[in-house]
Amino acid sequence: MKKVILIGAGAQATVISGVLSRASDVSEILVTDIDEVRAKELAEVNGSEKVSAEKIDASDIDAMAARMKAGGFDLVVNATIPMFVHQVMKASLSAGIDYIDMASNEIYPKPDVPVEQFFYAKEWEKAGLRCLTGGGGDPGLTNIMAKDAALDLDEIDYMSIKDYGIADCDEPVALWSMRTYLEDCFLPATIWENGKPKEVAPFTGQEDYYFPAPLDLTGRCYFHDHEEAVTIPLFCGTPMKYCDFKLGEPGSDVWKFLIQGLGLMDEEKIDFGGGCRVSPRDMLFKLIPDTAPPKEQIELYESGRLSSRLMLTCDVIGKKDGKEKTIKMWTNSPDGAEACRKIPGTNDVSWMTSIPASVFSLMMLRGQVDHVGVFPPEVFTRKEVETLYQGIEEWGITVHKETKFT
Amino acid sequence: MKKILVMGCGAQGSTIAKRLDEEPSVEQIVCADYDRKAVEELEKTLNKAKAVVVDATKVDDIVTAGEGCELIVNGLAPEFNMNVMDAALRLGAHYQDMASGPVSDIGFVDAVKRQFGRDQEFKDAGLACLTNTGSAPGIANVLTREAVDLLERCSRIDIFVYDGIWSNKFIPFWWSPETAFGDMAAEPVVFKNGEFIRVKPFNDPQMTEFRGLGLRRMVDHEHEEPVTMGLLADRVLKGVQEVNFRYGGPGLELAEAFYKMGLLSEEPIDVKGTEIVPMDLISALTPPAPKYPEEIAAVLKEGMVSEEGAFLVRVEGTREGRNVRIDSYAGAPGLTESFEKAGITHESYFTGQAAFIFTKMFLHGKINQRGVFPPEVLEAEERAYYLAEAAKLDITVDQYVETRLY
Numbered sequence: 001m002k003k004v005i006l007i008g009a010g011a012q013a014t015v016i017s018g019v020l021s022r023a024s025d026v027s028e029i030l031v032t033d034i035d036e037v038r039a040k041e042l043a044e045v046n047g048s049e050k051v052s053a054e055k056i057d058a059s060d061i062d063a064m065a066a067r068m069k070a071g072g073f074d075l076v077v078n079a080t081i082p083m084f085v086h087q088v089m090k091a092s093l094s095a096g097i098d099y100i101d102m103a104s105n106e107i108y109p110k111p112d113v114p115v116e117q118f119f120y121a122k123e124w125e126k127a128g129l130r131c132l133t134g135g136g137g138d139p140g141l142t143n144i145m146a147k148d149a150a151l152d153l154d155e156i157d158y159m160s161i162k163d164y165g166i167a168d169c170d171e172p173v174a175l176w177s178m179r180t181y182l183e184d185c186f187l188p189a190t191i192w193e194n195g196k197p198k199e200v201a202p203f204t205g206q207e208d209y210y211f212p213a214p215l216d217l218t219g220r221c222y223f224h225d226h227e228e229a230v231t232i233p234l235f236c237g238t239p240m241k242y243c244d245f246k247l248g249e250p251g252s253d254v255w256k257f258l259i260q261g262l263g264l265m266d267e268e269k270i271d272f273g274g275g276c277r278v279s280p281r282d283m284l285f286k287l288i289p290d291t292a293p294p295k296e297q298i299e300l301y302e303s304g305r306l307s308s309r310l311m312l313t314c315d316v317i318g319k320k321d322g323k324e325k326t327i328k329m330w331t332n333s334p335d336g337a338e339a340c341r342k343i344p345g346t347n348d349v350s351w352m353t354s355i356p357a358s359v360f361s362l363m364m365l366r367g368q369v370d371h372v373g374v375f376p377p378e379v380f381t382r383k384e385v386e387t388l389y390q391g392i393e394e395w396g397i398t399v400h401k402e403t404k405f406t
Numbered sequence: 407m408k409k410i411l412v413m414g415c416g417a418q419g420s421t422i423a424k425r426l427d428e429e430p431s432v433e434q435i436v437c438a439d440y441d442r443k444a445v446e447e448l449e450k451t452l453n454k455a456k457a458v459v460v461d462a463t464k465v466d467d468i469v470t471a472g473e474g475c476e477l478i479v480n481g482l483a484p485e486f487n488m489n490v491m492d493a494a495l496r497l498g499a500h501y502q503d504m505a506s507g508p509v510s511d512i513g514f515v516d517a518v519k520r521q522f523g524r525d526q527e528f529k530d531a532g533l534a535c536l537t538n539t540g541s542a543p544g545i546a547n548v549l550t551r552e553a554v555d556l557l558e559r560c561s562r563i564d565i566f567v568y569d570g571i572w573s574n575k576f577i578p579f580w581w582s583p584e585t586a587f588g589d590m591a592a593e594p595v596v597f598k599n600g601e602f603i604r605v606k607p608f609n610d611p612q613m614t615e616f617r618g619l620g621l622r623r624m625v626d627h628e629h630e631e632p633v634t635m636g637l638l639a640d641r642v643l644k645g646v647q648e649v650n651f652r653y654g655g656p657g658l659e660l661a662e663a664f665y666k667m668g669l670l671s672e673e674p675i676d677v678k679g680t681e682i683v684p685m686d687l688i689s690a691l692t693p694p695a696p697k698y699p700e701e702i703a704a705v706l707k708e709g710m711v712s713e714e715g716a717f718l719v720r721v722e723g724t725r726e727g728r729n730v731r732i733d734s735y736a737g738a739p740g741l742t743e744s745f746e747k748a749g750i751t752h753e754s755y756f757t758g759q760a761a762f763i764f765t766k767m768f769l770h771g772k773i774n775q776r777g778v779f780p781p782e783v784l785e786a787e788e789r790a791y792y793l794a795e796a797a798k799l800d801i802t803v804d805q806y807v808e809t810r811l812y
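Taken in order, these protein sequences are the chains called A and B. For the first sequence, this note's numbering begins at 1 and goes up steadily by one. For the second sequence, this note's numbering begins at 407 and goes up steadily by one.
Derived from the structure by calculation, the hints contain no laboratory data. Note that CB positions come from ideal geometry on N, CA and C, so glycine has one too. The reader is advised that the hints may include incorrect statements.
Pair ranges (Cβ atoms, derived) [unchecked claim]:
no., chain 1, residue 1, chain 2, residue 2, range
1, B, Thr-463, A, Asp-282, 32 to 38 Å
2, B, Pro-694, A, Gly-195, 45 to 51 Å
3, B, Gln-775, A, Glu-268, 55 to 61 Å
4, B, Val-683, A, Thr-326, 50 to 56 Å
5, A, Gly-195, B, Glu-700, 43 to 49 Å
6, A, Glu-299, B, Glu-708, 41 to 47 Å
Could you put the whole structure together from the sequences, leaning on the hints where they help?
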């Protein structure tokens, strides 16, 4: 029987604890957060006797490591915001426990370090521990889709990963942290070109892309700062010339105009009459909605006022035995309302991130991930890829794949 | 008419003044504005212009400026309509304006009613006060009456304006951004079942099919037409029961997103100890519409994302016992063509030229009626003259009549 500790009791932890508590080979799940009330509420909503809650400060490495060690856990799931990657990794390493997270905070912080987790690669390898980084939806499932395609090819000329989501509501509602999203949009993105990373300006790489059913629409996407474009070319094992990550939603252009046209993400205070000085970013952050709490999401979905759906795609052009092959992959997953019905308080976005994270976690616990050190999902073998697909399919996420030979 | 007073030398007033300058019968155009630079710049470009600085809050000043004028063309904001109408009565001059609202502190219905309420005064003076003479309102009202006259009963009128002019340079609106945001965040008036009803901003989003353009998203928008046509339903529009003004385009989508986020709110908020009105900051940050030829040329040089539009008046009713729907599309030059033809924007071209044709009707004695009235009151002969003159300026109309046989 396995024991798991979750750091962070937000939207991701809701889903992950929901999935793990249903697994017969998991006996204990400790949900922790700086906000003890929130952690306890999550445990209460989950309802399983396997789930308990405690207060933990993710910035306190020593206290975190001591609790991890004392609990005899088999896996640390870092479900807090990426700014705590360093601290949680250090605590896990100190406690000698395998680790998984869902995102990075720093893309190419130094040459040869694609994301910050790799600062600790040698220590983890020396300790014989496993650190699976980027083990969510994107990054995570997207890396697995990329690997699936890469396994079919000898070389890759082009790879593009896209994330497109729609959310329709009669009032402003945030299904994820809009503050983080806008900060990401404001940053330059990194793409992979001619075998090396290249920085590109925000809101460039505009592409109107057709997303198949169930979205069945053409949506506009732009380059976005994300892990996949730098880790996949390095770790998927197939030579790759080009890789990018693009993000889109119906409101993409609104954000573009808001950031680039009006300068609403500018931090410098401006004078706009009457001696009134204010930072546009401060005003924007004051007005944008906070992430909707679980109860509000349940109410909005149940009343039909909110509908939402997310799709991840991966397009690859490469060669196999000298012949060109084009591979198109896309996900089909529960929409927000269905996700919320399956595990109350969740939505399409947290589902797409956390179901793969849960399955990655179970694979780690069950000895189905045969790698040591720090690694992203694209190092997986064909068998590991298939195991992940089977696991997420049980929770309604399927991956479609079309291959065209030239 | 030998002497005309043009009040307001903004986009519309200056376009009309330029056209008047080409009219052989006109000897002098008194160009009046509060902005000395604007009137003096305009005077330099015309042969018959006389620049006068006028404070439109003072009726006496308007009367002094208009001494000897037979017509006042009011291109000022609707706030000043009553003052300019007062001056017209004192001068014994005909009057023409481009809009009834918005007027602060009173709604559109009252803004129109206060003008219509002076009908008898103008009749007694033997003068015509022609209101709402631009494109919409203006030519839209002419097309409406043209269609209504083909019916025995009119049940519904919808006016659709889709503005899909979008440039690489961030120009959200081709008229005052402050006015645009204000108009869009206002609660539109619709005329339904013979009553005026206020609906929420961006009400009733629907995809509307336009010939040659396809489906476009349209919403209710605050405008004069539902009000003037509602008030005149029985007199000239054969008992119409429903009148809507619908607007769409990327500028509207942007404004809607801003509105939903609270960025167009006029309620003060506290941002780190500073009290600010979000709308004030957004208005201050939004780039103004290009006005001068060199500014427009700079926008065109950066390229256009899209240059499409639709102007449709849809009238429904019965004729010989059968249901009939009449679609009238007005076509006018886009931004590039308007600039090539006249060095002005599409907005100035369409609205300014459409307004000038009404001015020309005054010059040539083609306005036969007296009192206060909008263009839908014009009779067949007057409308025929108007549409023939419009065609000379490349403003064309295509009318499609669909009859349900059984």
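Each hint tested on the structure:
1. Between Thr-463 (chain B) and Asp-282 (chain A) the beta carbons are some 37 Å apart, a value that agrees with the proposed interval 32 to 38 Å.
2. A hinted range of 45 to 51 Å for the beta carbons of Pro-694 (chain B) and Gly-195 (chain A) is consistent with their spacing of about 46 Å.
3. Restraint check, Gln-775 (chain B) to Glu-268 (chain A): a C-beta distance of roughly 58 Å satisfies the suggested window 55 to 61 Å.
4. Evaluation of the 50 to 56 Å hint for Val-683 (chain B) and Thr-326 (chain A) yields a pass: the beta carbon distance comes to about 53 Å.
5. Checked against the given bound of 43 to 49 Å, the beta carbons of Gly-195 (chain A) and Glu-700 (chain B), roughly 46 Å apart, stay inside it.
6. For the pair Glu-299 (chain A) and Glu-708 (chain B), the supplied restraint of 41 to 47 Å holds, since their beta-carbon distance comes to about 46 Å.
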